[in-house]
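> Spelled out, the chains give:
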Amino acid sequence: MPILKVNNITKRFGGLLAVHDLSLTVEKGEILGLIGPNGAGKTTAFNMISGYYEPNQGQIIFDGQDITGLRPDEICKLGLVRTFQVVKPFYQLSVLDNVMVGAYNCTNKNNIAKEKSEEILEFLGMTDLSDHLARNLSVVGRKRLEIARVLASEPKMILFDEAMAGLRPTETDEIIELVRQISQQGIALLLVEHVMKVIMSLSDRIVVIHHGEKIAEGKPQQIVRDDAVIDAYLGEVTTDVAS
Amino acid sequence: MSSHIFMQTIVNGLFTGGIYALVAIGLTLIYGVMSILNFAHGEFLMLGMYVAYWSFTLLGLDPYLSIPIAAVLIFLVGAFIQRGLVQRVADSHPLSQIILLLGVSMLIMGLVQFFWTADPKMIHVPYETEVFIWQDLRFSIPRTVAFFTAMFSALLLYLFLQFTRTGKAIRAVSQSKDGALLMGIDVKFIYMLTFGIGAAVTAIGGVVLTPNYRMTPTFGQAFGVIAFVVVVLGTMGNFIGAFLGGLIIGVVEAFAGFYLGGDVKIIASMLVFIIILMFKPSGLFGGKNA
Amino acid sequence: MRTFKNNLKDFLIETFMDWDKMQLLISFVVLLLIGLSPLVVKSPYYMGIIILTTLYIFLGISWNIVAGFAGQLLIAHIIFLAVGAYTTIVLNNTYGVSPWIGLPLAGVVAAILGVIVSFITLRYGLKMDYFALFTIALMVALKTLFQKWKFVGGAVGMWVRLNNPSWEKMIFKAKEPYLYIALGLVVIGLLIQYRIYKSKIGKYFLAIREDEDAAEALGINTAFYKTLAVVIGAALAGVGGGFYVMYVNFVEPLQVFNLGLNVEILMAAPIIGGLGSLAGPVLGGILNKPIVEFIRGTLAAERSGTSLIVYGTFLIISILFMPQGVTGVFYKIYLKLRDRYVKEEL
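Residue numbers (my numbering), protein chains in the order written: chain A, 2 to 244; chain G, 12 to 301; chain S, 2 to 347.
Hints in this document: simulated from the structure, not taken from any laboratory. Any given hint could turn out to be false.
[Unchecked claim] Coverage of chain A stretches by chain S, computed from C-beta distances (three or more under 8 Å per stretch; other residues unrestricted):
no., stretch
1, 61 to 74
2, 85 to 98
3, 209 to 221
Each residue gets a CB set at the ideal place from its N, CA and C atoms; glycine is no exception.
Produce the complete structure using the sequences and hints provided.
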């Protein structure tokens, strides 16, 4: 049974149809990439799955439970968490405290939360940053913190919202490796991304959306050759490119 | 309530409302451009009153003649406060901005009280009790002049914002700070200018009130609170909304004063406020979301 | 004896290395000094200032939790104090209920008001600025209502029914007993504040303050925790209000539904001391009232408006130049001392 099942979700904003009849699944432990040109509806779909928007139609089922219309914090408690494209650290709190907030999702006890947080920070190689204030971290440091926080909440699945945005190539490689390690722990991932290299190297499968609709789905090698995808990204298909 | 009293109440309400409108316009202008709730706003009105008082007492100037003086002086005060104080916390937690302006408000009230005491002051002009009667309705001369001065000031400000280059720059900033920056507008300067204009306009409102009211250092507080009600009612940042909202609240208050008594009529505004906040926080002219 | 000394040393070092514990220690040292003050302070006038200072510390803690920890723009916090004061005095005068019961009940009533305020705020989506304005409008509305409500004395207010002094009635001839009650309240307040700060609840409050969206994404039911913050702050302010009325002996609408008083007794101490810090209300409290009284008494020769000027200036200076407050200044010194100590040890 897939851990995430999105069934025919639709979202309208006034007269604008942002997402139309979108369906996708994510298997346990899988990495699904969600790509599409700007304005394709990726963010809207993302926000519906994570509980920030309510779909006008359709259903979202996580780990066997209908989460359509639930609040973000309720969804998090069920094991589905998200990161933010523009990271949102708790600036005035220390790195450790930031992660502890995530850890408290699963416990009320201070010492357990602290232990869990320290573990996560060690996994990420951030232990010596524990006492630093979040606002003093570098861009990539804040991204790692965002990931650490989310990991501390013991998710079954993580939704990454353009995790590589704003990173330099070496930093991107760092985060790619990190994402891979997280996946190896059995956590399912849905990556919304722009950076092709990231999507291609990480995804087990890719879903492409354009104008709010799914136009292609399949393994990375298939997607790269798909006419509809190329059309969407480049605006027109020429036989030369396709062959 | 006879139709005569009804009409009289409406007239009284509109006249008070005209002042509310002017004060609210200043407040909504500041909010629209800088997204700051000026918790010191009522104090600018109070300062306007004191400028009128001292112009009258020391220079023998009729209060309406001291409008330019008050406008310029309080403009400078407002501009200084923005540039020197408010601008520094532009990016901080909203709580910091509110606390800062509360501090400014207290400081202004304290200074006025310190130098000029808390004893109520009044100006006595020869025409203060004159009325003219029209259609059986009483129009107090000072209040009528106050109303039309306020309307005229609001109109001038409106024309300024619509048709002058600076006015358009101000409106540009209120719509999109980044867009305005890209167009080469000196946004920080506009902030300072707007705050000053907002303060000046409010001070004018204070000046025209002087023939009718006793002034004390805390006089502006009640007006400040009502100005917030009007601004929210008329949609925050909306000029026309503040104008109409002011008149509406003035009339609502006048009727509340008739039925409930003068000292508690403010509860009508508070109830209106709470109801708006609950059911239509985006105000009369607002969209779906607050 | 040796192990006791070692244990003590370890305890002190452990405390020293933890700024949170240090703040608590500093706070208790200050309280100790306040508690010993009757030995040196004999004048009722100065004792009165000390008592109010102590009360303002307690009240400052209540606002610090709501605004400092949880970042809620609860401006007119004084409505909870006012409601608490009225509850206590009405229970005392009209129903003969001892203030010792009246104080906790005041906290309960204030907490209920807190729930109502939170409910309306959340139900109608009053965010940030709108919430601040709502609390102010509520304060003005309540003022008007109380001015007209005969049962609580209307505009004239109520005087505490002064029987013979007794502990049962919380009426004393001397000042000192009031000081000890106030100190007791502060001790309780500090412990509550500390426990909250170190717990999940405290971290959740801070998270909400820093970034509500991120907090929600991490599983925090922000509506619940914001309400909790308001309710805790309200309850403490209500209890403080009960003591306030028993000490000052009267209450009237113009006095308590007043933004100036709100700043003076609820906001100034935490702001000056460091909003959101543990020692803020204490360090700010011992500065604010005494300095104001000093300036008013000496420099300003009792001229009116002085306290407004001083409070206004304090607020402006704090926000612009000392956002972390006095505690922040102490913290920087502490860090240097700690670094030096760590270097010496290694």
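> Does each hint hold? Answer for all of them.
Hint-by-hint comparison with the structure:
no.: 1; hint: 61 to 74; in the structure: holds (count 3)
no.: 2; hint: 85 to 98; in the structure: holds (count 8)
no.: 3; hint: 209 to 221; in the structure: violated (count 0)
Checked against the numbered hints given earlier, this structure breaks only hint 3.
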